[in-house]
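Participant: The lines below spell out each chain.
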Amino acid sequence: MWKLRDIIVAVVLSAVCGAIYMGWDWLYGVAATGLNPVLQAAFNGLWWLAAGLVPYIIRRPGAALLSEIASALFEFVFGSPYSLSAVLSGVLQGLGAEVGFAMFRWRRYHLGVMMLAGALAGLGYSVQAYFQYGANSYAPGVLAGFVIVTMLSGAVLGGALPKWIGDALHRTGSLQNFEIARQVRRQP
Amino acid sequence: MSVQATAPTSVCAAPRGTVEDQPPDVVVSLRGVQLRYPGTDDPVLSDVHFDLHEGESVLFLGPSGSGKSTLALLIAGLVPGAVEAEVAGRVWRHPRLSEPGGIGMVFQDPETQLCMLEVGDEVAFGLENLRVPRDEMPERVRAALRERGLPLDLSQSHQHFSGGMKQRLAMACTRVMRPLVMICDEPTANLDPLASRQVFIELARMRQQGQTLLVIEHRFNPLLPFMDRVVLLGHDGRIHRSGPTRQVVAEEWEWMKQVGIVPPWKSLPDMDGRAAATPTDVVRGRPADGDWMPSLTARSNDRQRRHGQSCDGQPQAQAPAAVSVSGGRLAYAGRVVWDGVNFTIPSGSFTAIVGPNGAGKSSLLQAMMGMVRLDAGELNLLGRPLPAWSRRELVEAAAYCFQNPEFQFIFERVADELANRAVGEDVPAAVKALLDEFGLAGTEMKSPFSLSQGQKRRLSVATMLRQPHRLYLLDEPTFGQDAATQAALLRRLGELNQQGATIVITTHDMELVRAWATQVVVLAEGSVLFCGPPEDLFQRPDIMTRAHLVDDLRPLTEFSLQEQDMEVPASDKTSTHDAGAQRACTRHLVVDDHADKLVRDTAGRPAQEPNARAGRRKPLAARINPAVQLLTCVVSVCMAMAVRSIPQGLGLFAFVLALMMGLAWLSPIQVVKRMSPFLAFYIVYVWTQTAYARVAPGTPTFQILWYHLSWPGFLSGLVLALRMLSAVGLGVYVLSSVDVTETMAAFCQNLRVPPKFAYGLLAGIRYLPLFQDEWTRLRKARQLRGRDAKVGFLRPAVYALPLLSQAVRMAERAALAMEARGFQGDVAATAGGRTYYRQVSLTWRDGAYAVGLNLAIVALLWLLRP
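Chains as they are written, first to last, in the working numbering: chain A, 557 to 744; chain B, 74 to 939.
Some hints here could point you the wrong way.
[Stated by the list, open to error] Within a straight-line C-alpha distance of at most 30 Å, the following computed BS3-like cross-link-like pairs (lysine-lysine) qualify: (1) Lys746/B with Lys691/B; (2) Lys559/A with Lys330/B; (3) Lys746/B with Lys505/B; (4) Lys519/B with Lys505/B; (5) Lys746/B with Lys519/B; (6) Lys719/A with Lys519/B; (7) Lys853/B with Lys719/A.
[Stated by the list, open to error] Some but not every residue of chain A turned toward chain B, in silico, with C-beta under 8 Å: (8) Val567; (9) Val568; (10) Leu569; (11) Val572; (12) Ala626; (13) Val633; (14) Leu651; (15) Ala724; (16) Leu725; (17) Arg727; (18) Ser730; (19) Leu731; (20) Asn733; (21) Ile736; (22) Gln739.
Don't read these hints as lab results, they were simulated from the structure. Even glycine gets a Cβ: it sits at the ideal position worked out from N, Cα and C.
With the hints as constraints, model all of the structure from the sequences given.
Facilitator: Here it is in structure tokens:
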């Protein structure tokens, strides 16, 4: 059951993530120019940070999908070069991550689950990359490498990193009223 | 929903068999109540007996941590519920209090209790929760604003209102719901003296209008004549005493000093406000006989002896001045904050910088530390021009303390923070000594962020005192602190001052200035209005008024309740007043935050678009239901994926340009302006495809370094870039044709999205400009400790923790404030559970538009197929 505080925290964190995505868009544009697509794919995972961070803190069904869409909307509004396509990315990445959490019935949020969700979000994004961003024209080996590296990047930047941020935030004591703290309290 | 009643008695929200015990006018009755938050050992409240009667006004006083706010939340029905807690004892609340709008709450942070973007939506939010029919809303909204002396345009954005205006707006928002009980939890904690006074006046007025009031307030003196009863809470969460205001305050004054409700330098206020005040007293700061701080006479003599100098630039002492500024000028984005600033801070003085919010006090303090560069003029620090100081020397000679202590924390544990390095398990003896001295023993392994407000402030000061300095600069050190922490802090600063260090603080607390400062600098109206001993300042009512300096000691009187009218003419007088003059008058209050506003404006938030409902003919695109508009365009972006050739790409892009100019009425110049940043970006796409596209064997390639560039690859890159530019164009088209509030309303009304998601999103959007401010402050704090990220793009990683924990706390407060305005249960969960101030229509035209637009794209792509 979503509480209002869960929603507002999800929105605020999504906004922060949206700003990070926006920065990442431009950084990617500069740093990844001319790289091999397989290397470029290593950047991808950070674009679904919210799909890991928000569910890890509020732990509600749908958190990954909704927060990823919200953060993509913010990214769009802040002036992302991907514009409305970013919103589409949000939907696909969010769906991927949501499947990962759903497989454990939204009850488990340990490192394995987080990394799985991050990797699946990468799979979701690969679909868009194939149809919209020209991955369909890559050579087969490059395409396979692109998908695998995207999923690995998702597992690390979109799974392990948000867990690490969430844990650090939990240690500051500001998450006492959220599911993450409640679950830690329940299992001493 | 998470009431875990621990025996012996259970919590009941409705009367249960005991109704006959209640006198008819009791609205809340607590008997032997104990309250504990989960994950803590000690109860916050113990053995609380309390009755609230209809029509009375009660003041809660207690040191921080005594459970005042918790008690208020319990009475409001927000604990347990919105916040989890275990409650024992008997809690009886009038059934009307549990209905939406039964309780009105005003909280201390002006930023987090507003949840919409415009004034009209904001006030109407409560009415929507009460399911008031749409037709009645505008009149009730206007009446509520009028009642608080706020003749505002309903479509005005309240983002740039001053703190005081926001608090008065928040009061209008609660009063419009006609609550049975109104609870104000430190409504002035974040305000300057003038704004505080306006809030106090409104509180007193509501009392006179018969509103049942429950007030928690640190600076309570002005309110005393208007409070029927005082409840004193002790450290243990028990009620120490409860009774008639005058008697309890007079008899318990010493106790209040002991437990830290009032700082020790304050004397018993004169509660006979009604008799004493004359019109001139209200305008001036101080009654003619200055005998209300007798205890200070000795100190001020001492002060005169030690620092009897003027500060017109010629220090009389032999030692060089600690700080001297001549011709100082500071501007943000071309607008002058202050100019022609000349003053001297004598070495060894205790100097207070005072002035209204937004006068640039913090900037002035930061300029002394080189964090803000002067645009003109000279600044000498300890006898040497500032540019001649190296950063290391500067950090050794002077220490700076930020208003928000969190910005100073860069380690994850208190012990590391104090040692300024990771110390592991062995806490050095010096650190232990500091911990003891500041009452922080036992916290060394905790996260600095998890401490209480008072502990955080003491920790930030303790880190500053780790090494001795010659000059201490503190930005609002007593801000938001309870009396005990204030006293401890000032005592320590006083000692440092005695040992010869120079102390410079900014503050709003004129009593503090009176008791501690040896010199005061008044910064207002873009310059220094006064510089000299505080005694002289208090003899200059003209300056006091111009700089918004109001004496908090002075109780309100019947007469002062009319002050507000003089500042903002009420709406019903509009017809007789010159409308322009009135606007100017309102503006004066609205824009008194101008430095804050400058930061926000320059931080890149676009100025509010003129409101779309202003009656002008709207472009066609803005007349489409905004939710339909957004979804239609997302579908169109998906369709754009089908673009496979350059003609298709060009065709679609031309179509999108036609939409932008034909339906959204953007001029070609606007289109070029908004699209150009993206053009460069898509060169990347062309390059990637040229270099990496799969090509048929035998296609000629052009070799550069290790790249194999191909013509077909270049063409497919162009197709991609055109596809993306169409998506960008559609994005610009959507953004220029929808209003965010209206979009949210459409999602609820037409697409049946649960309001808590839509309104939650809207509330979150409000915080975006605040983040910009926090970011700027955080950066300065890190630079000061020499701990800023070396590379710009690493900053997000370094700043993440303090920024996120601040964000989470703001979000929590916002959620609580919204729930307190009746946004709970069905009203928040189902779209049909509430009424709507903004009516958004959905007709067959919107459907025809959605289908037509996308069919047109399909047809276009088919016609131009390769």
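Participant: Each hint needs a verdict: does it hold in this structure or not?
Facilitator: Comparing the hints with the structure gives:
With a C-alpha separation of about 22 Å, the suggested pair Lys746/B and Lys691/B falls inside the 30 Å cut-off, and the hint holds. A C-alpha spacing of about 41 Å is found between Lys559/A and Lys330/B, which places the hinted pair above 30 Å, so the restraint is violated. This hinted pair does not check out: Lys746/B and Lys505/B have alpha carbons roughly 59 Å apart, beyond 30 Å. Pair hint Lys519/B plus Lys505/B holds up; C-alpha atoms about 14 Å apart against a cutoff of 30 Å.
Restraint check for Lys746/B and Lys519/B: not satisfied, since their Cα atoms lie roughly 51 Å apart, outside the 30 Å limit. Taking the CA atoms of Lys719/A and Lys519/B, the gap is near 20 Å; set against the 30 Å cutoff, the hint holds. The straight-line distance between the Cα atoms of Lys853/B and Lys719/A is roughly 28 Å, inside the 30 Å bound, and the hint therefore holds. The criterion of a C-beta within 8 Å of any C-beta in chain B is met by Val567/A, whose closest approach is roughly 3 Å, and the hint holds.
For Val568/A, the suggested interface contact is upheld, since its CB lies about 5 Å from the closest CB of chain B, less than 8 Å. At about 7 Å, the closest approach between the beta carbon of Leu569/A and any beta carbon in chain B falls short of 8 Å, and the interface hint on this residue holds. With 8 Å as the threshold, the beta carbon of Val572/A comes within range of chain B, its nearest partner Cβ sitting at about 6 Å, so the hint holds. Satisfaction of the interface hint for Ala626/A is found here, the shortest Cβ-Cβ separation to chain B being roughly 7 Å, below the 8 Å cut-off.
Given hint, Val633/A at the interface with chain B, holds; its Cβ is 7 Å from that chain's nearest Cβ, closer than 8 Å. Interface restraint check: Leu651/A against chain B, minimum CB-CB distance 14 Å, threshold 8 Å, status violated. With a cut of 8 Å, the hint placing Ala724/A at the interface with chain B holds, because the nearest CB-to-CB distance is about 6 Å. The restraint placing Leu725/A at the interface with chain B holds, with a minimum CB-CB distance near 6 Å, inside the 8 Å limit.
The interface hint given for Arg727/A holds, since its Cβ lies 5 Å from the closest Cβ of chain B, which is under the 8 Å cut-off. At a threshold of 8 Å, the smallest CB-CB gap from Ser730/A to chain B is about 4 Å, leaving the interface hint in force. Among the interface hints, the one on Leu731/A holds; its C-beta lies about 6 Å from the nearest C-beta in chain B, closer than the 8 Å criterion. Using the Cβ-Cβ criterion of 8 Å, the hint placing Asn733/A at the interface with chain B is satisfied: the shortest such distance is roughly 6 Å.
Given hint, Ile736/A at the interface with chain B, is violated; its Cβ is 11 Å from that chain's nearest Cβ, farther than 8 Å. Evaluation of the Gln739/A hint against chain B yields a violated restraint, the C-beta minimum of about 12 Å exceeding 8 Å.
Hint violations for this structure: numbers 2, 3, 5, 14, 21, 22, all remaining hints satisfied.
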